[in-house]
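Using the sequences and the hints, build the whole thing.
In order, the protein sequence lines correspond to chains V and F.
Heads up: the first sequence begins at 14 in the numbering used here, then just goes up one per residue.
Heads up: the second sequence begins at 370 in the numbering used here, then just goes up one per residue.
Hints are computed from structural coordinates only; laboratory data are not their basis.
All values derive from a computational prediction rather than experimental measurement.
Any given hint might turn out to be false.
As the list claims (entries may be wrong) - FRET-style restraints, in silico, Cβ to Cβ:
(1) V:LEU297 with F:LYS473: 27 to 35 Å
(2) V:GLY858 with F:TYR429: 16 to 24 Å
(3) F:GLU576 with V:GLN872: 27 to 35 Å
(4) V:ASP865 with F:TYR572: 26 to 34 Å
(5) V:ASP865 with F:PRO393: 50 to 58 Å
(6) V:ASP213 with F:PRO393: 56 to 64 Å
(7) V:GLY293 with F:LEU411: 34 to 42 Å
The beta-carbon is built from N, C-alpha and C at its ideal position, and this holds for glycine as well.
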Amino acid sequence: MKKEMDVDDHKLELPDLEAKYSTSITKGLVGAVAAERLLRDGPNELRPPRGTPECVKFGRQLAGGLQCLMWVAAAICLIAYGVQEGQGDRGSADNLYLAIALIAVVVVTGCFGYYQEFKSTNIIASFKNLVPQQATVIREGDKLQINANELVVGDLVEIKGGDRVPADIRIISAQGCKVDNSSLTGESEPQTRSPECTHDSPLETRNIAFFSTMCLEGTATGLVINTGDRTIIGRIASLASGVENEKTPIAIEIEHFVDIIAGLAIFFGATFFVVAMVIGYPFLRAMVFFMAIVVAYVPEGLLATVTVCLSLTAKRLARKNCVVKNLEAVETLGSTSVICSDKTGTLTQNRMTVAHLWFDNQIHTADTTEDQSGQSFDQSSETWTLLSRVVTLCNRAQFKSGQENVPVAKREVIGDASETALLKFAEVTVGTVSEARGRFPKVAELPFNSTNKFQLSVHTAGDRQLLVLKGAPERVLERCSTVMIKGQELPLDAQWREAFEGAYADLGGRGERVLGFCARWLPAGTVAAGTDPEALPEVAVGLCFAGLVAMIDPPRATVPRAVLKCRTAGIRVIMVTGDHPITAKAIAAAVGIISEGSETPEDVAARLRVPLEQVDPRQARARVVTGAELAGMEPGVLEGILRAHPEMVFARTSPQQKLVIVESCQRLGAIVAVTGDGVNDSPALKRADIGVAMGIAGSDAAKNAADMILLDDNFASIVTGVEQGRLIFDNLKKSIAYTLTKNIPELTPYLIYITASVPLPLGCITILFIELCTDIFPSVSLAYERAESDIMHLKPRNPRRDRLVNEPLAAYSYFQIGAIQSFAGFTDYFVAMAQEGWWPLLCLGLRPRWEDTHEQELQDSYGQQWTFEQRRYQQYTCYTVFFISIEMCQIADVLIRKTRRLSLLQQGLFRNHILVIAIVFQVSIGCFLCYCPGMPNIFNFMPIRFQWWFVPMPFGLLILIYDEIRKLGVRRHPGSWWDRELYY
Amino acid sequence: MATLNEKKTCSERMENFRRFVWNPETKLFMGRTLINWVWISLYYLAFYVVMTGLFALSIYSLMRTVNPYEPDYQDQLKSPGVTLRPDVYGDRGLQIYYNISENKTWERLVTTLQTFLTAYTPAAQHLNVNCTGDKYFIQDTFDGPNNTKLSCKFTSDMLQNCSGIADPTFGFPEGKPCFIIKMNRIIKFYPGNGTAPRVDCTYVGDESRPLEVDYYPVNGTFNLHYFPYYGKKAQPTYSNPLVAVKFLNITRNVELKIVCKIIGAGITFDNVHDPYEGKVEFKLKIED
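So, in structure tokens, the structure goes:
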């Protein structure tokens with residue numbers, strides 16, 4: 014699939030071509046043959062690859078690691094319910110509720126995940142609207158209009174301005190035909206199409222026009238050489254849709270840790286199942302224990318928390334013009350270590366602009382900023398007066414009417430890119446162009462053509478005529494005999510020629526398109542109105558050279574700073590473009606992708622005056638690699654180059670090569686972000702760990718393939734994304750640590766219940782309330798936490814080493830904070846039991862009698878006798894008390910999780926308002942659950958005594974103090990044993 | 370991410386795991402050096418010692434603060450539970466089925482009653498005092514021996530025909546069985562608000578159908594002088610007063626649902642969530 018297109022049709026002579034496709038370049042195919050070929054090759058359209066059925070996708074969402082466990086737990090609940098119902102037990106409806114709740118949790122999270130996946134729509138759909146509907150074809154000598162999807166190889170087709178090219182065609186004849194290849198190559202400039210083969214590469218030669226590109230002007234006749242999925246666009250489409258969407262780093266992290274959690278849950282469950290069986294519990298009870306342990310240990314709300322945290326960041330990014338399509342991509346940007354950026358439109362403004370001028374033997378720099386806020390050059394010289402006049406007059410471009418109030422840079426212009434640039438430049442520097450043109454009415458003109466390579470016009474200027482000419486600098490210089498320096502016309506001698514050559518080479522070396530300008534005053538009537546334009550060049554000799562103007566698509570003003578920020582953040586920016594190497598290098602140097610003082614091997618060779626082969630690659634930090642070089646490389650060489658040169662620019666690359674570059678970076682272990690706008694970028698966008706498409710300039714295909722869209726097309730927005738991505742990674746860590754902690758105080762009641770046979774301290778339904786109700790908001794609120802340090806000065810995380818959930822995090826949460834919470838819960842539990850009549854020592858081993866439904870007169874420590882139901886409500890009281898204990902400790906927990914290293918006081922205890930609200934909310938929910946009437950019989954919450962709220966508080970305080978001590982140690986002794994073991 | 374997604378074969382995974390357990394190059398055992406393991410174990414040991422100490426301290430201070438005589442709260446004990454003897458549980462609740470002609474089926478029930486009443490022999494009750502007043506036996510001081518309070522005597526002979534003295538078979542073979550109703554004790558609970566609570570047995574759902582019952586003691590009342598209960602520590606020899614009911618006209622070979630309620634102020638029997646609160650329901654079937 015990644016193979017380059019191997020087409021040689023452009024090199025074949027017409028008779029060979031006719032023979033190859035057994036067709037005629039005058040009469041076209043015979044109808045029967047065409048029908049036969051249509052049958053053989055299939056219709057000329059893009060076919061979507063066969064996708065996974067929707068129900069399978071949905072099914073997959075319901076069958077993850079945790080989900081499977083929950084299904085098992087629900088099944089056990091249902092079985093237990095069924096058996097108990099059969100035995101006529103009271104109170105077994107709890108198991109039914111629990112099963113329903115578990116299934117609901119799985120299905121709701123599954124729907125959520127499915128919706129996320131569903132949103133990343135079919136890529137092929139976006140290619141559909143590129144494909145033409147109708148085609149003019151010549152068959153058996155007759156011109157027909159047929160549906161474009163009926164075209165076959167060998168068909169003779171005609172195209173004209175405004176048509177979409179109906180297939181890949183080899184041009185046989187053309188009249189002024191120009192096509193817009195931007196959807197394929199990303200270059201927006203119209204390309205001439207003619208019958209001559211001008212290049213070895215089929216992508217660059219002029220005699221092939223590609224399926225779905227737009228014919229802008231002229232007409233052409235051609236022979237269809239490829240149809241449907243075998244066309245270039247078809248290959249890109251199938252490349253893009255065939256590329257597997259890479260799992261995002263955060264997805265890998267979460268999967269990694271869900272696997273561990275699920276494994277541990279099964280391990281704990283199975284262990285205590287065995288323990289219960291050994292102790293002598295019946296099989297069904299042991300199964301229910303297993304289920305309860307799974308429910309207690311699995312963090313049911315975690316996936317929802319992660320999703321909500323990510324979508325909060327996505328929202329925040331959306332306000333900063335980054336729209337995130339795939340939620341997980343939010344974090345991916347944060348771990349990005351390489352950004353492969355397209356040039357045109359992303360790093361540059363995507364408009365030709367006058368960048369430099371050379372007159373008075375001096376290079377002047379023009380203002381290239383988007384809003385004309387930059388410095389202008391000295392305009393006092395008389396040479397400038399002449400040059401500006403030539404620029405103004407020798408220009409056929411004009412503004413569309415009715416745009417007087419629009420800033421010049423934004424006005425729409427009729428004319429090609431260079432003329433537009435010159436027109437806008439003139440309008441800004443000299444003043445209203447139309448007025449100047451009015452003062453010097455045009456007498457005659459010769460438009461630009463590729464043989465002359467210049468354009469000239471003659472204007473009436475009072476009692477004289479002014480001849481102005483612009484064109485390729487060497488052609489212009491041929492026609493000059495003088496040069497204007499500071500208003501003086503000096504003879505054009507060898508010294509000036511050398512100066513000119515120097516300036517020309519200098520500007521050309523900056524990747525700029527250079528035009529020469531000259532003029533000559535003629536006596537009135539030298540050129541009469543209506544003179545044949547072909548006669549004009551004869552007049553245009555002995556001209557006075559005014560200057561050179563160099564144009565470039567300039568970098569966006571914000572880009573250099575953004576690139577620098579990326580560098581400080583340890584992110585490598587690689588330019589991958591379809592443009593010329595020289596231009597690419599110049600822009601790369603301008604924006605800082607190639608930093609000041611870095612040299613390419615070519616530069617080193619030139620400096621040391623040695624052949625290129627002798628240059629030590631280590632001496633050259635930078636390197637420009639062209640698509641042609643890439644094509645010739647052995648596999649693995651590219652990785653070597655990427656490793657050897659930190660600053661890379663790839664020029665003249667094809668869509669396949671972009672894909673190869675991305676994959677090479679990924680093989681080096683990098684997390685790669687790709688920015689792009691064209692159809693040609695879509696495979697690389699899809700392949701990248703995060704594809705970033707441009708919102709304004711981007712094609713639909715690119716936007717569909719991307720994970721993120723920059724609404725303002727501004728590279729600098731990526732930096733914001735990186736910052737937010739890193740922040741969310743840190744904050745997710747905190748959220749997860751918070752969420753995991755409470756699993757221990759949820760689990761220990763069961764362990765103690767099974768081993769010490771105390772009345773059950775915490776029920777499964779209560780656990781679900783903690784997981785899915787009270788603790789969700791606080792864990793989400795941690796996503797609003799500010800960064801603890803300057804995250805943009807750190808290197809991107811190493812996806813192998815810096816895990817989301819690491820050993821210290823789990824150990825600290827589970828075995829320290831979780832343990833303190835468990836002690837708090839049990840203290841409160843024993844308090845509530847003792848104060849109601851059940852002293853701790855009596856509780857131990859009490860379970861069999863406590864849970865005996867036939868025992869209606871169980872004596873407590875005071876000799877009072879309790880019925881089963883009275884004990885059940887007492888048990889609910891314990892649930893509630895334990896629940897409140899966990900909540901109280903979780904308030905302390907959410908506070909300590911605000912920071913991992915800084916002291917709470919340094920971070921600001923109440924600066925995160927959402928967190929404060931979350932705590933209030935959590936307490937309110939707790940109160941509601943406890944004191945809302947009817948709760949005891951619906952959700953097993955009892956209105957507990959007020960003072961039991963305070964029992965766990967000292968433990969909460971202990972958590973706060975202990976964590977402050979931990980953080981203090983971590984801050985004071987970085988790298989120490991303490992830091993290694995207790996910093997997560 | 371290609372590097373992170375590499376599919377590993379099973380043997381590679383095993384090898385990785387083995388390397389994790391013991392890495393001979395770095396001398397790491399399960400990701401740590403042995404000395405590091407010692408340190409971390411010591412740290413956790415210290416941590417848990419401190420935490421357990423704190424926990425023990427909390428429980429100790431809890432036990433220091435609870436009142437040894439009566440619980441701080443009786444939130445779940447608003448109304449006493451009621452139990453029945455003999456207590457045989459079937460699929461759903463109490464179920465007393467027996468066949469007159471098969472001695473075995475009722476001897477078991479009789480034994481239950483006899484065993485239960487051994488706690489009410491004069492010998493078993495000799496520490497308790499004879500009470501006569503029909504008022505609550507309120508004791509603000511510890512008048513009993515060893516700093517306790519006095520308890521009233523309840524002996525089985527107070528159950529007259531159902532005492533098992535005159536008729537050791539409790540009327541089971543005649544199809545007129547005795548049942549004993551007991552009310553759970555709750556500390557400082559004053560049932561009846563001055564009038565003695567009494568037992569009232571009816572058919573379930575059909576209160577108009579006459580159920581001929583003899584109650585012992587007369588009227589099926591729990592004498593007030595057994596209340597209030599002052600707790601195990603204050604009244605170690607306290608025994609619950611009983612009421613025996615003797616059903617006289619039980620239709621043979623039919624399953625009958627009978628409920629015995631305790632009627633008295635402060636005793637509720639309409640709690641839908643607790644079938645044993647203030648009442649006891651059972652099924653009775655006598656075959657012949």
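Cross-check of the supplied hints:
{"no.": "1", "hint": "V:LEU297 with F:LYS473: 27 to 35 Å", "in the structure": "holds, 32 Å"}
{"no.": "2", "hint": "V:GLY858 with F:TYR429: 16 to 24 Å", "in the structure": "holds, 20 Å"}
{"no.": "3", "hint": "F:GLU576 with V:GLN872: 27 to 35 Å", "in the structure": "holds, 33 Å"}
{"no.": "4", "hint": "V:ASP865 with F:TYR572: 26 to 34 Å", "in the structure": "holds, 28 Å"}
{"no.": "5", "hint": "V:ASP865 with F:PRO393: 50 to 58 Å", "in the structure": "holds, 57 Å"}
{"no.": "6", "hint": "V:ASP213 with F:PRO393: 56 to 64 Å", "in the structure": "holds, 57 Å"}
{"no.": "7", "hint": "V:GLY293 with F:LEU411: 34 to 42 Å", "in the structure": "holds, 37 Å"}
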